Amino acid sequence: MNKEETLVHPAFRLNGIKYSHEALKDVAYSLIKEGEPFEQQIGDFLLDWILDTDTILVTTSGATGRPKRVFLKKEQMANSARATGEYLNLKEGDTALLCLPADYIAGKMMLVRAMVLGLSIDFEEPTSDPLWTNLKDYDFVAMVPMQVQNTLSRLDRIGTLLIGGAAVSDTLKESLQSLKCRVYETYGMTETCSHVALRKLNHLEKEQLEKGNPFKALPGILFSRDERGCLVIEAPDLCQSGQVTNDLVELLNDREFYWLGRYDNVVNSGGVKLIPEVIEDKLKAFIDEPFILGGIPDAKLGEALTLVLEAEHMPDDIQQRLDKAKKLEKYERPKKIVHLGSFPRTENGKIKRGEVLKQLLP
Numbered sequence: 001m002n003k004e005e006t007l008v009h010p011a012f013r014l015n016g017i018k019y020s021h022e023a024l025k026d027v028a029y030s031l032i033k034e035g036e037p038f039e040q041q042i043g044d045f046l047l048d049w050i051l052d053t054d055t056i057l058v059t060t061s062g063a064t065g066r067p068k069r070v071f072l073k074k075e076q077m078a079n080s081a082r083a084t085g086e087y088l089n090l091k092e093g094d095t096a097l098l099c100l101p102a103d104y105i106a107g108k109m110m111l112v113r114a115m116v117l118g119l120s121i122d123f124e125e126p127t128s129d130p131l132w133t134n135l136k137d138y139d140f141v142a143m144v145p146m147q148v149q150n151t152l153s154r155l156d157r158i159g160t161l162l163i164g165g166a167a168v169s170d171t172l173k174e175s176l177q178s179l180k181c182r183v184y185e186t187y188g189m190t191e192t193c194s195h196v197a198l199r200k201l202n203h204l205e206k207e208q209l210e211k212g213n214p215f216k217a218l219p220g221i222l223f224s225r226d227e228r229g230c231l232v233i234e235a236p237d238l239c240q241s242g243q244v245t246n247d248l249v250e251l252l253n254d255r256e257f258y259w260l261g262r263y264d265n266v267v268n269s270g271g272v273k274l275i276p277e278v279i280e281d282k283l284k285a286f287i288d289e290p291f292i293l294g295g296i297p298d299a300k301l302g303e304a305l306t307l308v309l310e311a312e313h314m315p316d317d318i319q320q321r322l323d324k325a326k327k328l329e330k331y332e333r334p335k336k337i338v339h340l341g342s343f344p345r346t347e348n349g350k351i352k353r354g355e356v357l358k359q360l361l362p
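Quick note on the UniProt record's numbering: the sequence shown kicks off at 1 and runs consecutively.
Since the hints were derived computationally from the structure, they do not count as laboratory data. Do not take every clue at face value.
[Claimed, not checked] List time: in silico EDC-like cross-link candidates among lysine to aspartate or glutamate, alpha-carbon distance up to 16 Å:
#1 K336 x E303
#2 K200 x E234
#3 K350 x E277
#4 K200 x E256
#5 K282 x D323
#6 K25 x E39
#7 K358 x D281
#8 K336 x E280
#9 K136 x E124
#10 K358 x E256
#11 K216 x E234
#12 K326 x D281
#13 K211 x D264
#14 K18 x D137
#15 K336 x D316
#16 K327 x E280
#17 K284 x E174
[Stated by the list, open to error] DEER-style ranges, computed between Cβ atoms:
#18 Y331 x E92: 16 to 26 Å
#19 K284 x V338: 10 to 20 Å
#20 E227 x K18: 43 to 53 Å
#21 H203 x Y331: 36 to 46 Å
#22 S342 x G93: 17 to 27 Å
#23 E347 x K300: 20 to 30 Å
#24 H203 x E34: 17 to 27 Å
#25 N213 x A285: 36 to 46 Å
#26 P67 x P362: 19 to 29 Å
#27 S342 x K282: 18 to 28 Å
#28 K273 x P315: 23 to 33 Å
#29 K358 x N246: 16 to 26 Å
#30 K358 x K284: 16 to 26 Å
#31 N253 x K300: 33 to 43 Å
Values in this document were obtained by computation on a predicted structure and should not be read as measured data. By construction, the Cβ of each residue, glycine as well, lies at the ideal position given by its N, Cα and C atoms.
Could you build the full structure based on these sequences and the hints that come with them?
Next up, the structure:
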């Protein structure tokens, strides 16, 4: 293949139509000039992809800090697409749906996978229920959890579904078990050209459902841990060597891990280091309201483990519910309980922990 065919496979279709390299440029300009805001994002990316440059500027979501701008190599993005295609057995001519915003890496990479692998991709406005009016069947779709929840009754029209952008609740996982489609949760970041690992979420045995499957590396990717216990990604085809993360993991081997939580969120309470996400996992069966755990400055402990509920009023029975959580260790029991009327969230619905905790500071 020449360079143009490396970037755009001859079998690629956009909304069912095959375009030459030049015609695709015209489509991009048309979307930018005349399209809805979500279509303008698609046009901007298509134009960036087919222009004679080696890199693309992308913006992170800001879920774990301030949004930042990152240059990604097109070659690395194409390599990521091929690795996903190999892992999921995606084939030339398979159908796909883009229903995520194309201004972030997840949406961009759906387009890249289609162009590199030769998929036929349609695009829909990124709504909370993208299959409401779309009656077609698709081999491959990616969604955020809110979209999945709202389209449960229609997901059997999808062959393979990726879920990312926010945590998948236990309730949603249980709802996925009876679906025919294959459902995977993603792990990755903008700097690694979207996901580097997947874990299957449905068609699980009871023990697997309780524990959860580990994340498994895409082809060509290896994992290790640094001295903090955080994941280090070796993916020379996708990113810089030894991509260090702030994700605490239980490493099973160099290709599988369980995600525990973010190093940034660790609470040091009286010299004991606590991982909020691990404790949240033990509490979620007893707390109906959206919640997080975090550290609030405390004169005696340094940081006091604090339960923050998203609620207009403090539930009268919250302490009784906490008392039922027998799996909690002594130091894992919250020292304080507070509530806020609403939590700040990212566009994908992920709670912005740092901003929640800032609201609790004096």
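Hints, verified against the model:
1. K336 x E303: Distance ~11 Å between K336 and E303 Cα, so the pair holds.
2. K200 x E234: violated, 22 Å
3. K350 x E277: holds, 13 Å
4. K200 x E256: holds, 12 Å
5. K282 x D323: holds, 12 Å
6. K25 x E39: holds, 14 Å
7. K358 x D281: At roughly 23 Å apart (the allowed maximum being 16 Å), D281 and K358 break the hint.
8. K336 x E280: holds, 15 Å
9. K136 x E124: holds, 12 Å
10. K358 x E256: violated, 35 Å
11. K216 x E234: Holds - the C-alpha atoms of E234 and K216 are around 13 Å apart, at most 16 Å.
12. K326 x D281: holds, 13 Å
13. K211 x D264: violated, 24 Å
14. K18 x D137: violated, 19 Å
15. K336 x D316: The given pair, whose Cα atoms are some 15 Å apart, holds under the 16 Å limit.
16. K327 x E280: Holds. K327 to E280 sits at ~11 Å (cutoff 16 Å).
17. K284 x E174: At roughly 14 Å apart (the allowed maximum being 16 Å), E174 and K284 satisfy the hint.
18. Y331 x E92: 16 to 26 Å: The hint (16 to 26 Å, Cβ to Cβ) is violated, given that Y331 and E92 are roughly 54 Å apart.
19. K284 x V338: 10 to 20 Å: holds, 18 Å
20. E227 x K18: 43 to 53 Å: Roughly 52 Å apart at Cβ, these two residues keep to the hinted range, so it holds.
21. H203 x Y331: 36 to 46 Å: holds, 37 Å
22. S342 x G93: 17 to 27 Å: violated, 45 Å
23. E347 x K300: 20 to 30 Å: violated, 39 Å
24. H203 x E34: 17 to 27 Å: With Cβ atoms ~43 Å apart, the hint is violated.
25. N213 x A285: 36 to 46 Å: 19 Å Cβ-Cβ, so the 36 to 46 Å window is violated.
26. P67 x P362: 19 to 29 Å: holds, 28 Å
27. S342 x K282: 18 to 28 Å: Given a distance of about 25 Å, which is inside 18 to 28 Å, the answer is holds.
28. K273 x P315: 23 to 33 Å: holds, 29 Å
29. K358 x N246: 16 to 26 Å: holds, 19 Å
30. K358 x K284: 16 to 26 Å: holds, 24 Å
31. N253 x K300: 33 to 43 Å: holds, 41 Å
Of the numbered hints stated above, those contradicted by the structure are hints 2, 7, 10, 13, 14, 18, 22, 23, 24, 25, listed in ascending order.
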